[in-house]
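Participant: Read top to bottom, the protein sequences are chains Z, X, C and W.
Residue numbers for the first sequence follow our numbering, so the first one is 1 and each next one is one higher.
Residue numbers for the second sequence follow our numbering, so the first one is 1 and each next one is one higher.
Residue numbers for the third sequence follow our numbering, so the first one is 1 and each next one is one higher.
Residue numbers for the fourth sequence follow our numbering, so the first one is 1 and each next one is one higher.
Heads up, a few of these hints could be off.
Said to hold, decoys possible - One-sided excerpt, in silico: chain C residues whose CB lies under 7 Å from chain Z:
| # | residue |
| --- | --- |
| 1 | 338 |
| 2 | 352 |
| 3 | 387 |
| 4 | 400 |
Claimed, not checked - Per the computed footprint, the stretches of chain Z lying under chain W, defined by three or more beta-carbons under 8 Å from a beta-carbon of chain W, are:
| # | segment |
| --- | --- |
| 5 | 32 to 43 |
| 6 | 75 to 85 |
| 7 | 138 to 152 |
What the hints assert, rightly or not - What the simulated footprint calls covered on chain X by chain C, stretch by stretch (three residues with Cβ under 8 Å from a Cβ of chain C suffice, anywhere in the stretch; the number is not a length):
| # | segment |
| --- | --- |
| 8 | 22 to 28 |
| 9 | 42 to 54 |
| 10 | 127 to 134 |
Simulated from the structure, these hints should not be mistaken for laboratory data.
Glycine is no exception: its CB is placed at the ideal position from the N, C-alpha and C atoms.
Each chain, written out:
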Amino acid sequence: MFLSQGWCGIAAIMSSASGADPTNIFAPAGTPANSIFSLSMLVLSVTGAIFLVVTGILIYVIVRYRMRRNSPDADQEPPQIYGSNQIELSWTVIPILIVVMLFLATTRVIYTTEHAAQPKDALQVTVVAHQFWWEYRYPTLGIVTANELHVPISDPKHPMPTYLTMSSADVDHSFWVPRLAGKMDLIPNQVNTMWIDPQTSGLYLGQCAQYCGVQHAKMLIRVYADTPQEFAAWVARQQQPAANDPAVAEGRNVFMHNACISCHTITGTVATGRFGPDLTHVGSRDTIASGSVPNNPANLRRFIQDPANFKPGALMPPMHLNSHDLDAVTAYLTSLK
Amino acid sequence: MSDVALAPGSTNVTWNPPARGIVGMVCLIIAEAAIFVIFIVAYIYYIGKSLSGPTPKDVLSLPIFTSICLLSSSLTVHAAVSALRRSQQHLCSLWLATTVLLGGIFLAGTAHEWYDLIYNHGLTIRTNLFGTTFYSLVGLHATHVIVGLILLSLALWFSLRGQMQHHHSEKLEVLSLYWHFVDAVWVVVFLVVYVLGR
Amino acid sequence: MATHIPLDEMHAPQQMGEETHRKLWLEVLHDWVTTVDHKKIGLMYIGYALFFLVVAGFEALLMRIQLAVPNNSFVSPEVFNGLFTMHGTTMVFFVGMPILFGFGNYLIPLMIGARDMAFPRLNAFSFWISAFGGFLLYYSYIGGSGLYGAGSAPDVGWFAYAPLTARVFSPGHSTDYWTLSLLLTGIGTIGTALNIVATIISMRCPGMTMSRLPLLPWLYLVTSGLTFVAVGPLTAAQIMLMLDRYLGSHFFDTQAGGSAVLWMHFFWIFGHPEVYILVLPAFAFANEIIPVFSRKAIFGYPAMVAASVGIGFVSLSVWAHHMFTVGLGPAENTFFVLATMAISVPTGIKIFNWLATLWGGKIQFTVAMMFAIGFLFQFLIAGLTGIMLSVAPFDWQLGNSYFVVAHFHYVLVGAILFMLFSAFYYWYPKITGHMLSEKLGKWHFWLFVIGFHLTFDFMHVPGLLGMPRRIYTYEADRGWMIWNMIISSGAVVQAVATLLFVYNMVISYFKGPLAGPDPWDAWTLEWATSSPPPSYNFAETPEVSSRRPLWDLKHPDDPDSDYESGPGHRRQAKEKSA
Amino acid sequence: MNSEEVEFQVSHPNQEHGLQLPSPTAWPVVLALGVALLLTGMVTSVMVSILGLVLAFLASVGWFRQVLPDEAHQPVEVQAEPVQVSTTRRLATRLPEGSTSRKIIPVETFRITTGIRGGIAGGAAMAVPAAIYSWVKYHSIWYAMNLLAAGGFISWIGASDAFLSEFHLRGLLAALVIHGLTSVLVGLLYGAMLPMFPRYPIVTAGFMAPLLLTGILHSAIAVVSPILNDRIDWFWFIASQIAFGLVCGFVVNLQAKVRTPQFQALPFSVRAGIHGDIHDRLHDESTDSDGEDTSR
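Isolated chain Z, as found in the complex (with noise of 0.2 Å):
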């Protein structure tokens, strides 16, 4: 029992990272989670080396100094010793040079990690934390979403990191995308910095790390590694206008007749609100209601009825649609490609 201890797990889990955990810190895909890997294994093996002599002493100790009932001194005091200067001096130095070691190698790695010198042509992202989703703004290239940040792969030959400025719209909240980099707090009337740089493409699974209120559960990141070509030709789908399709004209119709215009945006419309995700490529994204449900027109309308079905706690209030308007509305935002 005493040594199935989390010296074990880590190993276990280490030789099976890669895979099986989508947000295993110890399978980092970037530059700072990289970083941070190698010192924890250096950390790691130092305080596993103090654990592992601890420990052994402890139970030599606690066997070799038992109280041994049949021995014929056992009503005799033991010699009473007060102290020892050269020993006590001793397990005072050792520690101090180990932390005088630990501080350098973390000293280095907090200053490369935050004070790493920004390339020209890294991509910029603006990211605004709501109660209780994930607004991402690309200020260079115009493109504003929600839930699900697209970036580009990093070649370290051609480092392409992405930088994200952070600021909260409300509450405090904290982004982190543990195979990525360390996480970062999101506060309001602050601004914070950040940058990642996948290695490889794919998709890297994140959430909240501040609590946030009632929906801070649910509050999931989704980061989308493209390479070069799907990342340019992502872009370049978000930058067009917002679909126009006549065959959903009436839930396009029910949209901008709702409330739903005051906290949404569609570009080129009369939808303007700020409040809620922008919905001008919603039918684009894999997921809804902050990376909880998978993207299809059941869930969206399912939503779009009673955000609580999915999120209870968030802040949409059921819009009381009957049932022919759901069905339109869900046509219309599934169309919004």
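Once you've looked at the hints, dock chains X, C and W against the given chain Z.
Facilitator: Just chains X, C and W, lined up with the frame of chain Z:
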């Protein structure tokens, strides 16, 4: 045999631990100081961060006279304690009365300042960050002055009735420690609010 | 059920003394309500803390049931958020602090040979105002919309980050309950801490210089000093929050230029020393219990005192290691990394000194000692995970994850609660006059160890797999389920073990063998009076000449005083040997 | 808030009519309730606050009248039943006291300054091979120093060899701090621990310890200081480590005269001072102890 423990009645040890009243008051002062530090840090942190007026420069004037009154009351309360130590009850009453009077003048000065700020300058606790931090910090200090004045008035009352004896001088000293603390805090508050913050 | 036990226990000593005519129930109650006796107040603190321990433990169980499987809907998100807020707040303010102050109240005057605390009435006042604070917090379940929908229980987390606590984001009174009850206990806490410091400084019996003070009072001195330095900022921050919520000021109002980070600073200036406030008394118990059951004097007394004082001071400058992800900037982060790592040095000294105390001793494996050894082992691990978290980049990954939850529960349960159990087994005979059953105690120990390790060892893992804390549910595809299942099952085992402990306390009170004044053959003054001690503690004020006065009495031919510092004593020793 | 009670307890412990203890009082609990209700009113209704205020006021007056002008006490009967303090455990040999109170072993151990002196001497000695290496390889004695300093300067991570060969004041200061601190610490450690390894101090200090340290550093250096890792020459590194160990060990060894034959015969834990059970092993040798062994 003198080193055997628990020996009753072996009174060759001189044993004078510090008086508990003094120790308790010092502890209380440390705790109160921690509270004040937080309010002062908040004040300094928010200097110049208000999004709208009025600013300290517009509305604050130096309360020199009332500050002198408050600071000199530290001397008078000290005089009261030493009078009681010498068993001069009447002198003690006189000094206590002076202290209460000086403290009262300070409090009246603060009240007048607040009245002026609220009604003539429209600065309330909700106006801006300056109002928020100013009223809370100065108000916290004024609350301590009020508590001190109540206790000093009680002491004065007992003193006038002749119930304050020589053996109460330690209690009065404990009270005077509190009053000295309130004065010392004012020095800091004065520097932060009226000098640094203006 | 379990909650009545402490009360029974508390009434008991009174009935013992009054064998001739049994007092009416109301009279007994009157005695307890009006008492200024440090022992009764200490027991009330302990009883009250045990009551809330059961309550908050129950809340933890509910949370673990909810988290056992992904996408569970056992409780609603609102209720879950209330549960973790109340669990944290209760455990820190209404279990941890009171139970430690309870032991302090009971033991310190006995250990320093005093009749009572320095300010007995203030002592009673401090207890009652803390107690009312706890009741006010739980009244929130009835206030607001009533029990249905969980009333208006606070749901902002125990560190209540601004601006989630602002009126805009937290309408109603839920946050007010939190603030007001913390203000009330804050007053009580400062009062008791002040009382303990004044008692230790001013009420020591003759001969007990600071260098002869037993380590328990010494550590309580540090912890109490830390208390009023740390609780002051908390009180100040609460006042500001009240001003914001009631008078519309803008301390933490980000819309008006206020700062959310300022609250974090203020809270953690309190919050981190608070951890040491809670853990130092656990060290204090270890410092008394480990030597007695090793049959040796504590190893390196001066180093232990220095390390404790050092921890006290350094702990005041480490608070922002809770804020590595806030964006303080590299220089600030570096400073707090260094300060935090520095604290591991005195902590290491303590662990090594305890090991050296065991070394060469004759270790008796009483239940108290088993819990103390469990404490040593678990505190070591808690310290090592603490070092991992102090490495800021590692913390960017681990912070606010379940790894952190596992780490601080390792401190709070693995170290502090284990040492508290140890203290119960050690001092229960003194308090009641009866021994606790060792057999039941061993069952309790092993069950609790198994439950503890099931829960908190495996709780590190989901943190490493990216599971943030304070989420009411989680996605099925993250690979967290198996770990959460194990964690939840361990929680049940712990609950069973705790019930066994409560049962042991009840049954032993009635059936346990009589303890006598000194069942452990111990060395500090509390064992020099009868069990339970009379209201006046000592008929005659004792006088001491070493750190272990009872050792000197038991071995007059070889007293400790010959071996402790002080020129006078050394001279005496030389004369004696000459 | 007076000291009467304290003086009373100390100077008159034995009273005919028992002892005086503070009398029970309800005012603290009433005051606490009053204050609690006062605040509770903020979340319930104003009437609760008013009730709380009244209670608090009454209780303050009541409390005040109890302690002023003099505190209320009540006598308590003393049950004269003296508590026996005794033990059945016998005494073991205690190690005799040395010249200072915490000295256990009857030998001279080091003084703290010894270790510091050794550390400084060793640190100076260590700089010599480092400078030679720099001169041989880069024709500049500053190279090794700057390399060490780069561990503390993040901006130097990509620095070139030419840059590292120049003299930089910042580099000198950083290297001095890092090198000085670690040298003194390791020196202290030598001072404390060499007496525990009395048999071959020079071998231990001069070769074993440096090799051990190099091994640890070798595995950790990539994370601690990548720039050092890229350029380090392990042969010269070990050379300078051994220079440190030999000089520091020598200096410490000069001053700590602990290697009496009797001391060398002691087991490690006794030499370290954490164990006192020398009786089993040394009972034939007269150790001049003042506590007699009662077990035989």
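Participant: Determine for every hint whether it applies to the structure shown.
Facilitator: Tested hints:
no. : hint       : in the structure
1   : 338        : holds (6 Å)
2   : 352        : holds (4 Å)
3   : 387        : holds (6 Å)
4   : 400        : holds (5 Å)
5   : 32 to 43   : holds (count 4)
6   : 75 to 85   : holds (count 11)
7   : 138 to 152 : violated (count 0)
8   : 22 to 28   : holds (count 4)
9   : 42 to 54   : holds (count 6)
10  : 127 to 134 : holds (count 5)
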